[in-house]
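> With chain A held as given, fit chain B onto it using these hints.
In order, the protein sequence lines correspond to chains A and B. Note that my numbering numbers the first sequence so that position 27 is 27, with each residue one more than the last. Note that my numbering numbers the second sequence so that position 25 is 1025, with each residue one more than the last.
No lab work stands behind these hints, which were simulated from the structure alone. Even for Gly, the Cβ is constructed at its ideal location relative to N, Cα and C. Be aware that a few hints might be false.
One-sided and incomplete, this derived list gives chain B residues near chain A with beta-carbon spacing under 10 angstroms [as the list claims (entries may be wrong)]:
id: 1; residue: Asp1013
id: 2; residue: Glu1014
id: 3; residue: Ala1022
id: 4; residue: Trp1029
id: 5; residue: Ala1030
id: 6; residue: Tyr1031
id: 7; residue: Arg1033
id: 8; residue: Arg1034
id: 9; residue: Gln1047
id: 10; residue: Lys1052
id: 11; residue: Leu1054
id: 12; residue: Trp1130
id: 13; residue: Ala1132
id: 14; residue: Val1146
id: 15; residue: Val1148
id: 16; residue: Asp1169
Using C-beta positions, here's what the derived DEER-type ranges look like [unchecked claim]:
id: 17; chain 1: A; residue 1: Pro29; chain 2: B; residue 2: Arg1084; range: 51 to 59 angstroms
id: 18; chain 1: A; residue 1: Pro34; chain 2: B; residue 2: Ser1061; range: 19 to 27 angstroms
id: 19; chain 1: B; residue 1: Ala1023; chain 2: A; residue 2: Asp11; range: 28 to 36 angstroms
id: 20; chain 1: B; residue 1: Ala1040; chain 2: A; residue 2: Ala25; range: 16 to 24 angstroms
id: 21; chain 1: B; residue 1: Arg1019; chain 2: A; residue 2: Leu61; range: 34 to 42 angstroms
id: 22; chain 1: B; residue 1: Gly1136; chain 2: A; residue 2: Pro63; range: 47 to 55 angstroms
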Amino acid sequence: MREVPRPDERDEELQVAGALRQLAAETRPPHPLPTAGQLWWRAEVIRRLVEKPDQAAGRELRPARWGEVTGITFALVMLLGFFSLQAPAVLEPLWQRMVLGGPRTVAILGLVPLVATSLMGLLLARRN
Amino acid sequence: VARKSLEGGLGLDEQQFERFHAATATGLWAYLRRLGGDPALAEDILQESYVKFLGRVDPSSGEREKRAYLYRIATNLLHDRWRRDRRETMGLSSLLRRWQERGRDTDTSLRMDLESAFNRLEPRERAILWLAYVEGYEHREIADIVGVKEGSVRVMLFRARKKASLVLDRQEVKS
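Okay, chain A solo, but in the shape it has when bound:
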């Protein structure tokens, strides 16, 4: 909020404001200034050039990232399928020597760290 000046200040204000406005009215560019279109396009080009590299890279790498996630999921499903079908036969001799229970338990115990690390990897990849 601008204060209302005292009467003696009022003349001073009018004098200075008048002089400045006159000076402003007489201050004209010697030649035409750059047009709005030129400036807008310059700003747009600069924006595209200096756009944060990680944003651009993120956009470019999005399909590859999805492919990676799909591939890992597919591999995990295949691995689980294979183990659930083949584990009893593979682990049969092992089970005979161990006291851990049936071959299925051994297979599940073997899979737990694999699944845990895969899930952790997936989560970390998504966070990054």
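Frame of chain A; chain B shown alone:
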């Protein structure tokens, strides 16, 4: 048809910017010219200011806020340029002296009188006077543009006005 910026792009589309530019360009150039003392520098800073403004402006802000934001960018850019010039060449005070001398050398018309009176003020005083009396900004807005407290603007404006009035009186007496 207005061209729009790509996803996540500039604050204003081309048509909106054209209107804003038409309303502000000449005034901003005059402000920079009188504050900086050099037409080429004024044009340079003007371009840089608009480019920065477009990249950062909040599209939802009002016209007056947008305008004040543009002036803040321009004022900061001019200060940066002064700082750089001072480091690189001779110093702000001698630059100011040069402009003042140039003004005095050519004191032949009323325009030159006003110009030289204005050039005798400190850069910040010039900025505050111009923003208050030519652009019509409130103290709060000037404080935001120039980067000082609102209370300081009141005091600085009072002093600058006194100084300017004194210089103008002297010139009237001389002529």
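> Can you list which hints this structure breaks, lowest number first?
Hints 14, 15, 17 not satisfied by this model.
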